[in-house]
Structure formats: C-alpha cells, structure tokens
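Asker: Given the coordinates of chain A, assemble chain B onto it according to the supplied hints.
Heads up: the protein sequence lines correspond to chains A and B, in order. Taking UniProt numbering, the leading residue of the first sequence gets 1, the next gets one more, and so forth. Taking UniProt numbering, the leading residue of the second sequence gets 1, the next gets one more, and so forth.
What the hints contain is simulated information worked out from the structure, not anything from laboratory work. Keep in mind that this is a model prediction, so the values were computed, not measured. Backbone N, C-alpha and C fix where the C-beta goes; we use that ideal spot for every residue, glycine too. Do not take every clue at face value.
Pairs of lysine to any residue, SDA-like flavour, derived with a Cα cap of 25 Å [unchecked claim]:
1) B/LYS102 x B/ARG123
2) A/LYS317 x B/TYR448
3) A/LYS317 x B/CYS441
4) B/LYS143 x A/LYS483
5) A/LYS483 x A/ASN162
6) B/LYS317 x A/ARG447
7) B/LYS483 x B/CYS441
8) A/LYS317 x B/ASP422
9) B/LYS483 x B/GLU140
10) A/LYS317 x B/GLN449
A short list of chain B residues far from chain A (calculated; beta carbon distances all over 10 Å) [said to hold, decoys possible]:
11) ARG33
12) THR119
13) ARG257
Number of protein chains: 2
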Amino acid sequence: MNDATPARRRRHGGRRTGTSRAAGPAIAQTPWRIPLNTDRPTEPLDEAGIAALHSGAMRILSEIGIEFLNDEALGHLRAAGCRIEGQTARFDPDFVMDMVGKAPAQFTITPRNPDRSVTIGGRHMTFVNVSSPPNAWDLERGKRPGDFATFREFMKLTQYFNCIHIAGGYPVEPIDVHASVRHLDCLFEKLTLTDKVAHAYSLGPERVEDVMEMVRIAGGLTHDEFDAAPRMYTNINSVSPLKHDWPMLDGAMRLARRGQPVVVTPFTLAGAMAPVTLAGAVALSLAEGLAAIALLQWIAPGCPVAIGTFTSNVDMKSGAPAFGTPEYMRATQMTGQMARHYGLPMRASGVCAANVPDGQAMWETGNSLWAAVQSGANMVYHAAGWLEGGLIASPEKFVMDCELLQQIQRYFEPALTATAEDDLAIDAIAEVGPGGHFFGCAHTQARYQNAFYQPFASDWRNFEAWAGDGGVWTVERAHRIYKRILAEFEAPPMDAEIRDELADFVARRKAQGGAPTDF
Amino acid sequence: MNDATPARRRRHGGRRTGTSRAAGPAIAQTPWRIPLNTDRPTEPLDEAGIAALHSGAMRILSEIGIEFLNDEALGHLRAAGCRIEGQTARFDPDFVMDMVGKAPAQFTITPRNPDRSVTIGGRHMTFVNVSSPPNAWDLERGKRPGDFATFREFMKLTQYFNCIHIAGGYPVEPIDVHASVRHLDCLFEKLTLTDKVAHAYSLGPERVEDVMEMVRIAGGLTHDEFDAAPRMYTNINSVSPLKHDWPMLDGAMRLARRGQPVVVTPFTLAGAMAPVTLAGAVALSLAEGLAAIALLQWIAPGCPVAIGTFTSNVDMKSGAPAFGTPEYMRATQMTGQMARHYGLPMRASGVCAANVPDGQAMWETGNSLWAAVQSGANMVYHAAGWLEGGLIASPEKFVMDCELLQQIQRYFEPALTATAEDDLAIDAIAEVGPGGHFFGCAHTQARYQNAFYQPFASDWRNFEAWAGDGGVWTVERAHRIYKRILAEFEAPPMDAEIRDELADFVARRKAQGGAPTDF
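Isolated chain A, as found in the complex (with noise of 0.2 Å):
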C-alpha cells in the first residue's frame, strides 16, 4: 500500500510510534486497521433494475443534460464532443461509459504517516469523521455555534479512535475563524493534531491549493511526490437537481490534475431536490454523479474518483430530511450495485435525523451504517458524531459511533465464521460432558482473552451492578470517555522543521489575506 512514501519520509517522524502512542489508556480500543467487508452485498435489483436505472441515468445525461456553472468544464465538455446550449451540457451515454471506464476501480491515499495509508475501493470499508456541522452539542454544553476549540476538540477524538480512518471535513465550522483564514487555522490543526488522511473543502481555488501545499508540506514531500500519488481528497456535491456549481467543480479539476482523489456526492433527497420515488432519486444522483467523473476522466484519465450517495427523503408532513430510514437503506443498496456496475469506488454516510445522542439517534444511525456495509461501501463519511441531519456534532455521539464501528470491524474478522477441526472444539464438547461448564477447559484456557468483542461504551454488568455504580445511562458514560480522551490526548509525532514550515506558510498566507470570501 505505501507506494508513495519517497526520500523524505523520515521527517515526519511519525511512522513507528504513531499507533501506540495514540492510544492512551482511556478506553482499551481495538488496533489500527482497514476492515475488509467480505459479505455478499445485498442487492434489491435484479438485471433488469440495473438496466432500468442505468438506462434512467443516462437519459437524463443525454436528453435533460446536466448544468455545469463553470465556464472552464464546459469548454472540456465541449472539446470532448458534449452537446453544450448555454450552461447545460447533455451527454452522450457512450462517452460517459468510455470516461467512466477509465477511473481506477481502487486507489491508496498515503497521508503524513504512510501507516495511516488508506485504500478506497474493492472489499474495503473506511470510516470517516462528522464532517461540516454548523453547530456542536454536549450533555454539558447544550447546543452552541461551532467554534474553534470544539473543532479542536472532535480533530483529537478523529485522530484518537483507531476505527477513525480519514480526517474528513471540518467536524464543526469554527464560526469564530474568519471565513478567510478559516482553512489555513483548520488545515494546520488537522494536519498536527492528526496523521490520518485529510480532506479539502472545494470552496474556491485559493483554499484548495493552500491545502494541497499544507498536505504536501506536511508529508515532507517536493511537489513532484506530492503528484505522484493521492495525498489527500476533495468530496464534492452538486446542486440538484441536475446542477454542478462553480467551486465545486473549480476544485475537483485542481485535484484531478494533480492525480488526487474526488468523491462526488449529489444529495438527492427524494420529495425535494429528487423524485419522491427512490428509483428517479437514484437515476438523477447517479447522472448527475457520472456527469462530473466523466469530465475529470476527460481531464485527466485514470485520476482516482469514488460516487458518493447521499439519497434519502424528507418528511412529507414537515418537509423535514429523515434519515437512517428504509428507504434510505435501500437507496443505499441500489446505488451500491450500480457502482459496482460502473466499476467505481462508493462513498455512503452514517446518517440520523435525531437531536441527542439517544435510542432513535443510534437506530437511525445504525440502520445507515448497516445499509453502508450492506452496499459495499468503501468509504463512509459521517460515520461518528453527526446528529440532527448534520446540523450537529456531538462527542458523546462520536464516542457511541465508534463503538458500533468497531463492532463492524470486529464483525469482519474471519477467525468469527472459522470451521476448521479446533474450531468446532467436539474434542472439548466430550470433554466437558452434559451439564458441565466450559469456562475450566483447556479449549476455552487457550483462547478466552482474545475471544470475543469487548466492548468500550457498553456497560455489560446486571442491572444491580450497573445501578450500584450510579446507573450511568449510555450517553453519560460516552460523556465520560469523551472527557478522559481529551486529557489524555497526545498529539502524532511531527517533525519540529516541518511544523515550523507549516505554520510560517500560514503565516504567510495569513498575512497576504488569507482567501477571498466573496465566492
């Protein structure tokens, strides 16, 4: 996987003791790894639902045609022989097929410590961040704009729990950083308080390249390393229905051309921006994802892309975003299989409608995290700490998620379905005999301490127990883990040279005004 980690890897320092320091003693966490999903996908469609939905995304490509407000894709699109009348571009389904086919069906992005190296694609599952809330909540705290010390605060619990595998966004948008330094202030904190991969908000060409030359300045690398592999990633979003805007697709050119990574994630919420049934929502999220892939393989053929999902539906009543629903699930799985169809990496969410952390927040969320390993998904944002439709960060809630995604993990590990004869332990059955007990055996001896999940935020004592001990409820005791994490957080090692060169290049850019915040 670390094909890309040339001659100055040993300035970053953080290879050999990154893991081990990153996880103190507030909670025994399960090691640093990539879960390989190895079940069958559930797949609702039969072929003829493929065919319909892809013959749907590629009507809509060639007969409604896809907006693209930016002057510089359509001259792509027009150049590579796509209809253009004014802003809208319509699609040859050939054409978008040829493009389609040419995006890698898998790509490693190498971050600062190469052994935080993460490969999008194939059997693959990876866990991302809460990822651009305005707001944060706590059982503390309340509800409250997001600031800086929280985004602090959620950067260190990104890079504490093991099962975290990318810095995605910004956790919480810390409001009190001008919009104009914002990235520089949130890239240099991502970039020191972690050494995951890390992500780049396409808003605008001078934060996109600042954080390409903060990436690359933190991995010690020239700027042709940097270009020589993915480093980082853009996730953009279009505007549906059938709407590309100007920034978004500003940045996912920048990156393509520097052969890093974009995900592409329309939001089609079924009802409202997309048909209120689920085929339609995923045929449009599906055109519209396969517009933007098509124009950066025409850019620069081969460049690593995944299609994101983000179908769900509102609240007919209400008019309100639900999630973690059926239907979400389902559109979930459809969109699974036509990536698979396509070839391309697949990004979903862990998603709930919920306000706090409580039973609804974790069966929503549970559902869209079970519907993300039920599709096959490589890449699942979100997947720890969002809560009110991603109007909220919450800690206690980051805490519980990762819980359920190490459970996920856990679930993977082959050795649980293993069959072979000291698996089926009948030596041990006779051994022990009717009414016994198997804890005394040699079989059990050889094997408990690392037999089975244990569990962090669980509380497994009876209930005696349990209330003797204060009756802690779930929420309060991810209240507590919380806390405990962040007085014992200790930042990944970096190179004191770099870390200096890091922040002389905020300063600078600080200093000539940051990004313009007119876009």
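Answerer: Same frame as chain A, but now just chain B:
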C-alpha cells in the same frame, strides 16, 4: 393460509373488527401483515464450512450423544434404533437426517382470530413479544419484580402493535400469582386481551394440557378441529451442554402428538455452556436441536417444528452474557445457513445486554434484529421489550423496538426498489429542471402521502422545534406512547359464550388445585 378455521368460526366474533379496533389513535401504525424477507441471506460459511458444521453436529450426536432426562423419550429413541446408555442417546447420522427430512419446511398457525394466522418458514418473518423476564422496568417505577398487573400491560402492548405477530411467553413472570394457577390466569388474559397466536410453556403436563384446552376453547374448536392443524406452539430449551430435561421433552411430545408446533432452541453461550469458539457453539446448538427434532419426527412424522438459535458469548472478564455482539450476529447467520441446509424453519431473537432503553440498548437490539433479517429467520423472539439479557421487560423498550420492527417491515416493501418507468420519473426530472423543487410537481403530488415510512416514536423536527416542545428524549417519548396505548386499549372482541367457557375452565382447574409445583 386459513385452512383451519371451520364450523364455529362465527363464535369467536373477532374476525372482521379485531384489526381495525386494535389500532386506536394513540399512534399511527402500519397495518397487520407478515413481511416477506426478500433479501438474499448473508452467508459467512462456504460449502466446506457448512459441511464442517454439519459434520461436527453429527459427530456430537453419534460419538458423544445427548442426555434425555425423560424415560418416555428414551424409549422412543431406543425403539428407533438409537444407542441408549443410561440416559444418553447416541444417534446414527442417517437416522437423524431421515427424521429431519420429515419436518415440513413451513407451516401455518391459526389463532382464534384467523386473520392473525402466521406462516412460519420460507421467506415469512414474524415477530414475537419479549418473553419470560422475571422483572419489569419503566421510567416511572424503575426496576421491580414482575406482577400480574404488569403482565396485563404487556399483553395489551402485544395485541396493540400490528408489527407483533405472536403472543409468546409471559412478558413478565407474575410472581404475585401462585405458580400452581399462574398459567391459568395468564392464559385467560392472553386469550382475551389478544387474538394472536399463543404459546404454552412446557413446564409440566398439566400446564401444557391446560393451555391446549384453553386455546381450543378460545378458538371455538372441537377437539378434532384443534388437532387438525396448528393452533398454538411451545418453545423448548435444552440444558446446554448436551441435555434435554424432563418437562421440556414432555411438553414437546404432547404438542407434537397433537400436531402443534415445537420450536427447539438450545441456549449455547460460548465460553460458558458451549465452546469458546463460535463454530463449536453453533455445532453444539445444532446437535441439541436436531436430537429433539429427530425424536419428535419419530413420534409424529411430519409434525411442525422449527430450530432456534440462542448462541451468544459471555464477557470473559465477568461471565455476564453479552447480546447483539458481532459474535452473536455471525452465529445467527451461520445457524440460518444450517437451517436452510436442513430445510427447517428458524427462530432467532431481538436481544441486548443493556439495563435501560438507551443508546446501547438500541445498537445491541438493532444488531440482533438485522442479524435475524440477514439469517433469514422466520420467527424473531423477544423482538420488542427485552432488556438486561432477558431479566427485564420494559414498556418503553417495547415501543422503541416496535418502531424498528415497523421499519424492517417497510424495508421489505417491493415499492422501495421498483424501477418501472413511473418510478424512474424521467419526465418529472425534465419538468422540474435544474435547481427546481419536486414537491409541487404532479409526480410527487400523486404519491407523497404514502411515499415514505412514517415513524411514530422518532422525532424528525429540527433541534429548535424539538427543544421548544420540551426537548423530549426517545425513552420519554416511548413512555408517553405506551401510557396512551394502555389508556385507549380495547380488547379484541370475543363471543360472550366462549369467554364464559374459558372462565369456567379456569375456575374449575383452580378448584382442582391447578398444576403441581414440585416439577
């Protein structure tokens, strides 16, 4: 499905009005229906794994043997050619497979209201209320021993929710009713407060015979009519490892002889009553289950049976049972594969180790319910209301679980994944165009009322609306819902003559002293 409701059907009186009257205005719930599980099961075992588990179960049966603490059962097995030493029976694998081959792949149970018939087997998925906790817990009264008043509350919830198909064992053990007559009072309540399929505990011949007679009376059936088709069922547990006790075998044989279904569910906790390896625990569970099924098929060839799984693991630090774990999920899926291998209907469960209906309760229960889906389980015990590893029944948990059960039922509706021309909505997408909104278009207006699942326990409002309305967490909402349901509950109709006959039977049997309590 209603092949078994002859002559005296008119007498039960609940046929036409039961369903509609049960759905009061406390919540808007989905109608009664038996969902068909259309998903391809998740199958972690390959062919070699299936062969290994089968071989393991057969070696346990032929080499180690199973203890049958029941001379009648041993006599039958001896007559069938099994090797009997003391109370241990060793089985020829060919005999076991011959007997298992006689069991029907599915069967229908018809309760007093034939509209509440359930089919067990094939793709049918049925849900059973929580059964057998000694204690109750709710937000107002905390934890307390089960009593008759609480038993009645759970019977009303069991009847009320259309997503609960079967009135299983006692939701709480009413310890304020003497054990000698408890079954009489409980079954009277169960058969008058509900019109769903009822269950008999196999706790001694008098109890089993009394319950069969009460079900016969409640159904307005002659003895011949009762015997002609399944009307109720029992569930028996082995005493793992390797043992079946007297009353369970006695009850199972009594029901089998009268054509009433028997669910055989070993309780193999890996690391305690079963090997620490999941393959060993599942092989042991299969051996115990198949041994009882072979006995029943020898006695009554073709009698309806199902194989249950209750394989989980203990916390190796405390010995406490764990539920809804990754290990539990995989054991359930493996058992599902083996049940299909043997052509037997399968029972699973909805379970958790949590002490209160919080986040942990829902991630553990959600994991177990989705494992039931993934395993193709036909009957899901404890699907609503279970806490503390089965030691507590909670009405709030009952309501929260039913929310998830309704979502699972909705998940299986074919409309969600339909891809006809109307579903693809290409014309609507063209009509709305880039940047438009779908709510107003004709395609949405024609469909929005039934397009999406409507929850009754989830709150999808935004934080401010939710907080302004009191900021009520899920468990408190569930508390209010269960109170409203109880306040509005109307029992399903029952012919006065039948009710009198049932009451007379109870009075007569009580006068006779009920059942002996020294079993």
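Asker: For each hint, tell me whether it holds in the structure or not.
Answerer: Quick rundown of the hints versus the structure:
1. Proposed proximity of B/LYS102 and B/ARG123 is supported: the alpha carbons are some 20 Å apart, at most 25 Å.
2. Between A/LYS317 and B/TYR448, the direct Cα distance comes to roughly 9 Å. Compliance with the 25 Å bound is thereby established for this hinted pair.
3. Among the hinted pairs, A/LYS317 with B/CYS441 is consistent with the structure: their alpha-carbon atoms are about 16 Å apart, no more than 25 Å.
4. Using a Cα cut-off of 25 Å, the hinted pair B/LYS143 and A/LYS483 is violated, with the two alpha carbons roughly 30 Å apart.
5. Of the pairs offered as hints, the one joining A/LYS483 and A/ASN162 holds, with about 17 Å between alpha carbons and a cut-off of 25 Å not exceeded.
6. For the proposed pair B/LYS317 and A/ARG447, the alpha carbon gap of about 13 Å is at most 25 Å, so the pair holds.
7. Between B/LYS483 and B/CYS441 the CA atoms are separated by roughly 40 Å; this puts the pair beyond 25 Å, and the hint is violated.
8. Taking the CA atoms of A/LYS317 and B/ASP422, the gap is near 23 Å; set against the 25 Å cutoff, the hint holds.
9. Of the pairs offered as hints, the one joining B/LYS483 and B/GLU140 holds, with about 11 Å between alpha carbons and a cut-off of 25 Å not exceeded.
10. Among the hinted pairs, A/LYS317 with B/GLN449 is consistent with the structure: their alpha-carbon atoms are about 9 Å apart, no more than 25 Å.
11. Here B/ARG33 stays apart from chain A, with its beta-carbon at least about 14 Å from theirs, past the 10 Å limit.
12. Residue placement check: B/THR119 keeps its beta carbon more than 10 Å from all beta carbons of chain A (closest about 22 Å).
13. In this structure B/ARG257 is separated from chain A by more than 10 Å, as the shortest Cβ-Cβ distance comes to about 26 Å.
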